[in-house]
Amino acid sequence: DAGITQSPRHKVTETGTPVTLRCHQTENHRYMYWYRQDPGHGLRLIHYSYGVKDTDKGEVSDGYSVSRSKTEDFLLTLESATSSQTSVYFCAISESTSLLNYGYTFGSGTRLTVV
Amino acid sequence: GQQVMQIPQYQHVQEGEDFTTYCNSSTTLSNIQWYKQRPGGHPVFLIQLVKSGEVKKQKRLTFQFGEAKKNSSLHITATQTTDVGTYFCAGRNTDKLIFGTGTRLQVFP
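Read top to bottom, the protein sequences are chains A and B. Using the numbering used here, the letters of the first sequence correspond one by one to residues 1 to 115. Using the numbering used here, the letters of the second sequence correspond one by one to residues 1 to 109.
In short, the hints are calculated from the structure, not lab data. Please note that the accuracy of each hint is not assured.
[Said to hold, decoys possible] Below, simulated DSSO-like cross-link-like pairs (lysine-lysine); rule was C-alpha separation at most 30 Å, straight line:
1) LYS70(B) / LYS36(B)
2) LYS70(B) / LYS51(B)
3) LYS11(A) / LYS70(A)
4) LYS36(B) / LYS57(B)
5) LYS96(B) / LYS59(B)
6) LYS57(A) / LYS36(B)
7) LYS36(B) / LYS11(A)
8) LYS96(B) / LYS70(B)
9) LYS36(B) / LYS51(B)
10) LYS56(B) / LYS36(B)
11) LYS96(B) / LYS36(B)
12) LYS57(B) / LYS96(B)
13) LYS57(B) / LYS53(A)
14) LYS57(A) / LYS70(A)
15) LYS96(B) / LYS51(B)
16) LYS96(B) / LYS11(A)
17) LYS57(A) / LYS51(B)
18) LYS53(A) / LYS70(A)
19) LYS96(B) / LYS57(A)
20) LYS96(B) / LYS70(A)
21) LYS57(B) / LYS57(A)
22) LYS70(B) / LYS59(B)
23) LYS56(B) / LYS96(B)
24) LYS56(B) / LYS70(B)
Using the sequences and the accompanying hints, generate a full structural model.
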């Protein structure tokens, strides 16, 4: 969808190396999310952000960290990649507020392979 | 923690047949959303339901939110090959959406 891009689209990395995935939005949405998608598990929330420098953990946050220094960028870092982190990673944005919820707009995803 | 389950996991239908996927939450939801993901693509938002017992339609798709706000369904009438993909429900009870495991729909011409 227009307004949200993820980079890289594909990456192969070695076990034990740090990896950073980037999500960039041009919609000025407050909320940004990182999900991973694995067969049989659907989409699982890793971390999310509700503003610049405001982040919180999701249901599968171990081994991951995030940073949001600007409204438009949300970075996901795998501190020391493991084979269990081989997955497709999706970033999503939302303009939801505490009173109103809207649908998420997802990026095209990053396919990460840890060998 | 909150869990959202979907059934069936897979469904194969002949083009023209109907299709239904069901979503059940372990907790009461403030709202529920539905997404469609085409093979190789990313999830795309379809609709949001907020009110108890709410029913919404989008052409051949009918979405329903249960009276207790713990379950939901998506029904597709007379499926077409363009309906192929995985359908996810996503429930919210705080500030996060929890996605169901999805139902993969295959439509044979």
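To see whether the hints hold, each was checked on the structure:
1. Of the supplied pair hints, the one linking LYS70(B) and LYS36(B) holds, its CA atoms being roughly 20 Å apart against a limit of 30 Å.
2. Restraint check for LYS70(B) and LYS51(B): the C-alpha separation of about 11 Å stays at or below 30 Å, so the hint holds.
3. In summary, the hint linking LYS11(A) to LYS70(A) is supported, as the alpha carbons are separated by about 24 Å, within the 30 Å threshold.
4. Proximity of LYS36(B) to LYS57(B) is assessed by CA-CA distance (about 15 Å); at most 30 Å being required, the pair is judged to hold.
5. Between the alpha carbons of LYS96(B) and LYS59(B) the distance comes to roughly 29 Å, so the proposed pair stays at or under 30 Å and holds.
6. Taking the CA atoms of LYS57(A) and LYS36(B), the gap is about 25 Å. The hint holds against a cut of 30 Å.
7. Restraint check for LYS36(B) and LYS11(A): satisfied, since their Cα atoms lie roughly 25 Å apart, inside the 30 Å limit.
8. Straight-line distance between C-alpha atoms of LYS96(B) and LYS70(B) comes to about 16 Å, which keeps the hinted pair within the 30 Å bound.
9. Restraint check for LYS36(B) and LYS51(B): satisfied, since their Cα atoms lie roughly 21 Å apart, inside the 30 Å limit.
10. Between LYS56(B) and LYS36(B) the alpha-carbon distance is near 16 Å, which keeps this suggested pair within the 30 Å criterion.
11. For the proposed pair LYS96(B) and LYS36(B), the alpha carbon gap of about 19 Å is at most 30 Å, so the pair holds.
12. Taking the CA atoms of LYS57(B) and LYS96(B), the gap is about 25 Å. The hint holds against a cut of 30 Å.
13. Straight-line distance between C-alpha atoms of LYS57(B) and LYS53(A) comes to about 39 Å, which puts the hinted pair past the 30 Å bound.
14. For the suggested pair LYS57(A) and LYS70(A), the alpha carbons sit about 19 Å apart, so the restraint of at most 30 Å is met.
15. At roughly 18 Å between alpha-carbon atoms, LYS96(B) and LYS51(B) fall within 30 Å of each other, so this suggested pair holds.
16. For a cut-off of 30 Å, the pair hint linking LYS96(B) to LYS11(A) stands: about 28 Å separates their Cα positions.
17. In summary, the hint linking LYS57(A) to LYS51(B) is supported, as the alpha carbons are separated by about 28 Å, within the 30 Å threshold.
18. A hinted pair counts as satisfied when its Cα atoms are at most 30 Å apart, and LYS53(A) with LYS70(A) qualifies at roughly 8 Å.
19. Restraint check for LYS96(B) and LYS57(A): the C-alpha separation of about 10 Å stays at or below 30 Å, so the hint holds.
20. For the hint pairing LYS96(B) with LYS70(A), the CA-to-CA distance comes to about 21 Å; that is within 30 Å, so the pair holds.
21. With a C-alpha separation of about 35 Å, the suggested pair LYS57(B) and LYS57(A) falls outside the 30 Å cut-off, and the hint is violated.
22. Between LYS70(B) and LYS59(B) the CA atoms are separated by roughly 25 Å; this keeps the pair inside 30 Å, and the hint holds.
23. Between LYS56(B) and LYS96(B), the direct Cα distance comes to roughly 23 Å. Compliance with the 30 Å bound is thereby established for this hinted pair.
24. Simply put, LYS56(B) and LYS70(B) have alpha-carbon atoms about 17 Å apart, close enough for the 30 Å limit, and the pair holds.
Of the numbered hints given earlier, the model fails hints 13 and 21; all others are met.
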